[in-house]
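K.L.:
Next come the chains, spelled out residue by residue.
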Amino acid sequence: MPKPETIAVAMSGGVDSSTVAAMLKTEGYNLVGLTLQLWNQRRLAGKPGMPETSEGRCCSLDDVYDARRVAEHLDIPYYVVNQQDRFEQDVVQPFVREYLSGRTPVPCTLCNNHLKFAQLLDTARQIGAERIATGHYARNEYDPTRNRWILKRPADTSKDQTYFLFGLTQEQLSRSLFPLGSYKKPDVRALAREQRLALAEKPDSQEICFIPGGDYKQFLDAYLADQGESMPDTSGELVTTSGEVVGHHDGIHNFTVGQRKGLGIATGSPLYVIGINGADRKVIVGSSDELTSKTLRANRLNWIAIPQLDGEMRVQVKIRHRHEAAWATLEMSGDDEVTATFDQPQRAVTPGQAAVFYSGEEVIGGGWIL
Amino acid sequence: MMRRVYMDANATTPLLPEVFEAMRPYFIERFGNASSVHSFGQRARGAVEQARMSVAALLHCRPAEIVFTSGGTESDNLALFGATKPGDHIITTTIEHHAVLHAAEQLIHCGREVTFVPVNADGVVDPEDIRRALRPNTRLISVMMANNETGAIQPVAEIGAIAAEVGVLFHTDAVQAAGKLALDVEKIGCHLLSTSGHKMHAPQGTGILFVRKDTKIEPLFYGGTHERQRRAGTENLAGIVALGKAAEIARKGIEDGAPQKIAGLRDRMEREILARVEAAGAHSINAPRVPNTTNLWFDHLEGEALVISLDLKGLAVSGGSACASGASEPSHVLTAMNVPTARARASLRFSLSKLTTDEDVDYAIEIVPQAVAKLRELSPTYRKHRDSQTSASAVGVLPG
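Residue numbers (this note's numbering), protein chains in the order written: chain A, 178 to 547; chain B, 25 to 424.
Everything labelled a hint here was simulated from the structure, so no lab data went into it.
For clarity, every value in this text was computed on a predicted model and none was experimentally measured.
Beta carbons: idealized from backbone N, C-alpha and C, even for Gly.
Some clues are possibly wrong.
[What the hints assert, rightly or not] Covered by chain B, according to a simulated footprint, are these stretches of chain A (three or more residues, beta-carbon under 8 Å):
1) 247-260
2) 296-310
[Claimed, not checked] Over the 12 Å line for every Cβ pair with chain B, so calculated as not near, a few chain A residues:
3) P271
4) V273
5) T322
6) N324
7) D364
8) R366
9) A482
10) Q485
11) L486
12) D520
One chain only, chain A, in its complex shape (with noise of 0.2 Å):
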């Protein structure tokens, strides 16, 4: 009988990656479990504005031993690997960076481009895994006739986690295995029990992991109090389309494009952000009708289905997470940036979001919203 493969799980203490770990022990793989200490929950706790313990979601030693123990009751080694410093330069660090420059980040594709499937694909290469798993709600396949690695939506179309995984490489594919990409949330959850997993009715994690309570403002000011530096002022004025100030803002972190409370000024017609201006540190307001955009342009493209984009390609665009992708046709308009014309025009079209393009079930590629 030839040695089981080994596989590297990353286990993150949650429900859906400790199901992938019991799944692929069921089928006889060699596993080694492994989870990433990203980010220390207790750093900012208790400064200004932060809660005093930390209940954050990931990297909390709650979840850390959460994972241990599934390790345990499968009977598969486990490691916890450091890669805060790597974290913090790659993640942490351009989300306040964005925010500083009035664009909207996404921090888990970061993370995923970043620490989960490089730093973390490495150090399970290193220690004899040639793959890992992860509890992603995704599927990849190799196509021989493109000689391509797919990427393509999962069967449970409302964990669709592929908006965050446009940034992977031909090489990061087919070096991951998405177990669940064919499994709906629930019988996921069944499997757990069936598993006898203690952690089977654990509630899904939503917010970002490293910012406990889901305030990034907060987490802005504390993270630059931390650093022994000051929150720059970004205060500024706040314009109509046509040129108009209408009031002034406390800074241009506060604001997201579509973005309609908290705008501090009262109008007949409600007023929504529609754009912030970084340079100049203006924030522009206007009606609803202002705020749906005909195209975007992107740039630090990544293209998995194809090798790189000729001429049009009718696609559908996906402009946040939760956002129903909307079909337009891509051009290239740049060396590294394509710009999508849509059928319909698409409401808060956001600096900093990415920008993934699918043709059915498969995704094209994707970029950074400029």
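Following the hints, position chain B against chain A.
P.N.:
Here is chain B on its own, set in the frame of chain A:
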């Protein structure tokens, strides 16, 4: 069944069977509260005092100078908090165990002044640097006897002499020395000395603080009059009995040359691994070291991945110090020795015990070079290093 080799004795050691047998009756048949008047209590008291004598014999001190505690951390805290008052100055080093470092940091918040004296590249403090740090209000010097990560032995007798000369209290954390070196509180010249049971084959949760006669310390806990009012709380009877037995065995072992035997195994392992791996070395190699410890660096790899790789092959060693989650944190000791960060992260501690066998060492010599080679295959910095080596030898003229 995979072979499992334990080389992390500086983290903890298993109980020796004799130690376990010695403590076993005190859980059930010979239970008792050593403070009770009746026969059960008397028997317990007798066992505690017997153990105190064994520990005193190991340290060459009087039994009354031994305070039983819950371990090295408590002993260190008792020494630092108990022997100083607000307004006092404490001198310690940058390479102490966190039980001293973090206690000292906390003491700064409690009105003490603290000087952290740096060490040299071999991880050894210069006694003259300690002398230079003295202030009129210096109350306590705390310097470890042997470092837990590198094994480097500190010049405690010289520091003890300085302390005596200027009339300052001297505490030494001897957790990593007990059972490995002959300990004599007179020769060290210390007023306070901490050790832990579980680093010398007694159970976790046992330890002692030596408190020299006439040295006043305030207790950490308030309660009964146990341990001559220096440590309130019912004695850990079975643990204390075990600690006494372990101390007795350690003392005999030192007389019978056990440390030399362990040093022989350590030296062979170190030599053979370094002969098989390039771009590698041992920290504190130029310093006197405890016999069981070697801290090896292997450039161009991540120590964390090497620890995991070796564990998957059954060899248990450690890298850096573990944080609460179990992830490794960069070593403050290697950082204090000015070891570059990348090398500090590529460093592993191997710590042997009297239970380590020749076969264990053979196994380490076999698998460590293999695991290092495997990790370096995937290391971009190693490829660069190797290419530069090859091109260097290509242009160099080799003697025929």
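K.L.:
Confirm or reject each hint.
P.N.:
So, going through the hints one by one against the coordinates:
no.: 1; hint: 247-260; in the structure: holds (count 5)
no.: 2; hint: 296-310; in the structure: holds (count 6)
no.: 3; hint: P271; in the structure: holds (22 Å)
no.: 4; hint: V273; in the structure: holds (23 Å)
no.: 5; hint: T322; in the structure: holds (31 Å)
no.: 6; hint: N324; in the structure: holds (25 Å)
no.: 7; hint: D364; in the structure: holds (30 Å)
no.: 8; hint: R366; in the structure: holds (26 Å)
no.: 9; hint: A482; in the structure: holds (28 Å)
no.: 10; hint: Q485; in the structure: holds (26 Å)
no.: 11; hint: L486; in the structure: holds (30 Å)
no.: 12; hint: D520; in the structure: holds (45 Å)
Hint violations for this structure: none, all hints satisfied.
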